[in-house]
Amino acid sequence: MNHPPPRHHGTTPRRPNIGLSPDWAQPADSAFPRYELKVPYAEAVLRAGGLPFVLPYTDDPSCVDAYLERVSGLVVTGGAFDIPPSAYGEEVREGMGPLKEGRTAFEAQLIRGALKRNLPVLGVCGGMQLLAVVLGGTLFQDILREVPGARDHEQKHDRTQPQHPVEVKNGTMLAEAVGHGQLMVNSTHHQAVNKPGTDVTVSAVSPDGVVEAIESTAHTFALGVQWHPELMLGTIPVHLGVYKALVQKAREHRR
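Going by the UniProt record's numbering, the first residue of the sequence shown is number 1, and it counts up by one from there.
Don't take each hint at face value.
Unchecked claim - Straight-line C-alpha distance at most 30 Å; calculated DSS-like pairs for lysine-lysine:
#1 Lys156 / Lys100
#2 Lys100 / Lys38
#3 Lys100 / Lys116
#4 Lys156 / Lys116
Said to hold, decoys possible - Distance windows between CB atoms, simulated:
#5 Ser62 / Gln182: 43 to 49 Å
#6 Pro207 / Ser30: 40 to 46 Å
#7 Phe81 / Pro165: 33 to 39 Å
#8 Thr235 / Ala25: 36 to 42 Å
#9 Gly102 / Thr235: 29 to 35 Å
#10 Ala66 / Gln161: 37 to 43 Å
#11 Lys156 / Gly102: 26 to 32 Å
#12 Phe81 / Val202: 20 to 26 Å
Simulated from the structure, these hints should not be mistaken for laboratory data. Note that the Cβ used here is the ideal one computed from N, Cα and C, for glycine as well.
Assemble the whole structure, with the sequences as input and the hints as a guide.
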């Protein structure tokens, strides 16, 4: 008598849906703007065990709510633009870069909605800065002008290669993800977190004192890193731990 092969249940963990915020660009050769997402963001989510979904912009709160009902975690990506100083109660100072106010407003809605639901949130580079602002923090508008003794944090060489070390503080969520102590990171930013915000821990700093990672103590998982871990998976594989931590928390959020 032939018997069907045994079924193995639970051997592959469920892949939670992870929403990613895209960039926005107006190409010179097209009348239509484009959403853009660097491939490494999606690859990192996939390699960490998640399913990446791009979230197009909207100013409709019901659409933002619908997005957040369908994902189990959120990645707020970076880009070559700054956050309006009005978002953290300051005036524009010398050194400010270009703005993308529509994108920032959408991402801020996403972050607020996700935190309200206690959805896991990862902010990367500019996404970390916006996470800090949403949590009540402020920014240095230009590191070289406003942080005495700071080094240039905009590396000119290959971004898959590191620029400088950071010190990851023991006992933090970041340390659980990548280990505590020194970690080499890339660096592509000219702004940085000044005041971290309410119930926010600084979990990594660079040798010149610039804040390199933050996390909320009031939420299950709200982590921001100032570097781009997704660009370094081939050179320093431990960086995948940042995305693995997000995906694991997302999996736990909706069992």
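Right, here's what the structure says about each hint:
For the hint pairing Lys156 with Lys100, the CA-to-CA distance comes to about 23 Å; that is within 30 Å, so the pair holds. Proximity of Lys100 to Lys38 is assessed by CA-CA distance (about 17 Å); at most 30 Å being required, the pair is judged to hold. About 24 Å separates the Cα atoms of Lys100 and Lys116, which keeps this hinted pair within 30 Å; it holds. In summary, the hint linking Lys156 to Lys116 is not supported, as the alpha carbons are separated by about 38 Å, beyond the 30 Å threshold.
Under the hint 43 to 49 Å, the C-beta atoms of Ser62 and Gln182, about 46 Å apart, fit the expected range. A beta carbon spacing of about 44 Å between Pro207 and Ser30 agrees with the range 40 to 46 Å that was offered as a hint. In this structure, Phe81 and Pro165 break the distance hint of 33 to 39 Å, their C-beta atoms being roughly 27 Å apart. The hint said 36 to 42 Å for the Cβ distance between Thr235 and Ala25, and at roughly 27 Å that hint is violated.
Distance hint for Gly102 and Thr235: a CB-CB separation of about 34 Å, consistent with the stated range 29 to 35 Å. Distance hint check for Ala66 and Gln161: the Cβ-Cβ separation is about 40 Å, which falls inside the suggested range of 37 to 43 Å. Between Lys156 and Gly102 the CB atoms are about 30 Å apart, so this pair conforms to the stated range of 26 to 32 Å. For the pair Phe81 and Val202, the beta carbons lie near 24 Å from each other, so the given range of 20 to 26 Å is met.
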